[in-house]
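Residue numbers (full-length UniProt numbering), protein chains in the order written: chain H, 1 to 265; chain P, 1 to 265.
Warning: the hint list may mix true and false statements.
A pair counts as met if it fits within one copy or between any two copies, since identical chains are not told apart.
Derived PhoX-like pairs (lysine-lysine); straight-line CA-CA distance at most 25 angstroms [said to hold, decoys possible]:
(1) K97 x K244
(2) K236 x K99
(3) K241 x K230
(4) K241 x K99
(5) K230 x K244
These are calculated hints, taken from the structure and not from any lab test.
None of these values were measured; they are calculated from a predicted model.
Protein chains: 2
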Amino acid sequence: MAQGNGRSATSRALDLLGAFDIRHPTLTLTELAARCAMPLATAHRLVAELEAWGALERNADNRYQIGTRLWEIGLLSPVPRRLREIALPFMQDLYEKSKENIHFAVRDGHDTLYVAKLTGHRAVPIISREGNRLPMHSTGVGKALLAYASQEFIDTYCARPLVRCTRHTIVEPGRLRRELAATRDRGYALTSEEMTLGSCSVAVPVFDARDQVAASLGLVVHSVRENLAKYVPDLKAEAAKIAKVMVEHRCDPYPGFVHDLPRGG
Amino acid sequence: MAQGNGRSATSRALDLLGAFDIRHPTLTLTELAARCAMPLATAHRLVAELEAWGALERNADNRYQIGTRLWEIGLLSPVPRRLREIALPFMQDLYEKSKENIHFAVRDGHDTLYVAKLTGHRAVPIISREGNRLPMHSTGVGKALLAYASQEFIDTYCARPLVRCTRHTIVEPGRLRRELAATRDRGYALTSEEMTLGSCSVAVPVFDARDQVAASLGLVVHSVRENLAKYVPDLKAEAAKIAKVMVEHRCDPYPGFVHDLPRGG
Chain H
1 MAQGNGRSAT SRALDLLGAF DIRHPTLTLT ELAARCAMPL ATAHRLVAEL
51 EAWGALERNA DNRYQIGTRL WEIGLLSPVP RRLREIALPF MQDLYEKSKE
101 NIHFAVRDGH DTLYVAKLTG HRAVPIISRE GNRLPMHSTG VGKALLAYAS
151 QEFIDTYCAR PLVRCTRHTI VEPGRLRREL AATRDRGYAL TSEEMTLGSC
201 SVAVPVFDAR DQVAASLGLV VHSVRENLAK YVPDLKAEAA KIAKVMVEHR
251 CDPYPGFVHD LPRGG
Chain P
1 MAQGNGRSAT SRALDLLGAF DIRHPTLTLT ELAARCAMPL ATAHRLVAEL
51 EAWGALERNA DNRYQIGTRL WEIGLLSPVP RRLREIALPF MQDLYEKSKE
101 NIHFAVRDGH DTLYVAKLTG HRAVPIISRE GNRLPMHSTG VGKALLAYAS
151 QEFIDTYCAR PLVRCTRHTI VEPGRLRREL AATRDRGYAL TSEEMTLGSC
201 SVAVPVFDAR DQVAASLGLV VHSVRENLAK YVPDLKAEAA KIAKVMVEHR
251 CDPYPGFVHD LPRGG
């Protein structure tokens, strides 16, 4: 199976799928081959197989994009099939009260993985997307996950470079540790223009049956508005309801539910 | 690349992913091999590659499931990335007015493909799921898509066996044709316990720049309630807004956006 360069055809085909991301949702064959450091002929043959199966599609501009069939199959994974389905009705209740962006997230490796998002026309436009990843130290849902993680995980996280998303992002490890302690003291996380200028957020942890943080629930508003704390009682109430259903459905995120180990750095 | 039996390793690996469906979201290695008519040793080797990349994961019961990474990549396909993002805020407005299940669907082959769904605690529980397929003749969004399809497509659809979902499903081709004509006359589709006992629905077509049906928008309510027509003005208003944004974003579903040809029968 392994070829001259030690990679199998299957892992090379998967690499082609992994070449797409939110900044590169469509790619030409040449771009695909270049991004995967693969000879054009190899890329051509593997892309044809992926296209025949429906994993890739070609659009009207003859560029490749991820196929509808892969979306359908991806929705069978536990995060959308279980966690997302459980959280959405409670998020809907929060949305109706607040008319703001509502997020439900889990930790995957060192990232905040957005499991579900509700938004409307009155909510402030934000960059989060379902299935997208953002840092943990710059987002409300991320800080809620990080503040309640194990001390060992917090130490590892703070020892890594902290990406600066805006001039308000906390990028000093000592300051981040104090911020996480303050988050635990008050019971909820806050951000103020730390991910995106003009937006601030509030988020609470969702605990599993063993009182470990399993997910987080948050809300993003326009930064000129005040008193994010007023949303906390509703967030906590819905987080408790989500936690209850997750326990009933045995949606314990560790192990195997989301990745406890970082993937790809 | 092609092996003794004429199938490449890549297409066999893809077959393993295709073995999962909503009724089989987790499978053992033995079940996977059986569903793909593949020797256990071959399945074992390919599953290991899929797992290493993150396309498959093993859960606490040692059963395989679709991996989070495949969900993330599937979300890059145009249906969720573009259509779903466009439709959701308008669906949110409809949900707030009705508190009922809201659906946005496209035609893919001979199926209704559910692109987006909004639901809450007050809405009646229904079987639709995002990324799921249901027949066109038994669902409101499906009938709205079918009624406005080309005569050629309607002929082909009516010539195929019409699956009976409940005792109320229209399974006689002649009756279905009359129902589709009535749908066009009144400008919206209705179902009454044709997909699920206890539910009825109303849906309207969403037209593209060439006045072809591109999608449909519908609402599912509990069957005891009356006067589904009361929802039509709001549905039509939101459908028109979605159509406008789709045209602005060049979200023309044919060709290459969804499949005009049936896939896998």
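Hints, one by one, checked against the model:
1. In the homo-oligomer, the alpha carbons of K97 and K244 lie at most 25 angstroms apart inside one protomer (21 angstroms), although the nearest pairing across protomers, at 28 angstroms, exceeds that limit.
2. Taking identical chains as interchangeable, the C-alpha atoms of K236 and K99 lie at most 25 angstroms apart whether they share a chain (17 angstroms) or sit on different chains (23 angstroms).
3. With identical chains, the CA atoms of K241 and K230 are at most 25 angstroms apart within one copy only, with a shortest distance of 19 angstroms there and 34 angstroms across copies.
4. Taking the shortest Cα distances, K241 and K99 sit within 25 angstroms of each other both inside one copy (20 angstroms) and across copies (20 angstroms).
5. Taking CA atoms no more than 25 angstroms apart as the test, K230 paired with K244 passes inside one copy only; the shortest distance there is 23 angstroms, against 37 angstroms between copies.
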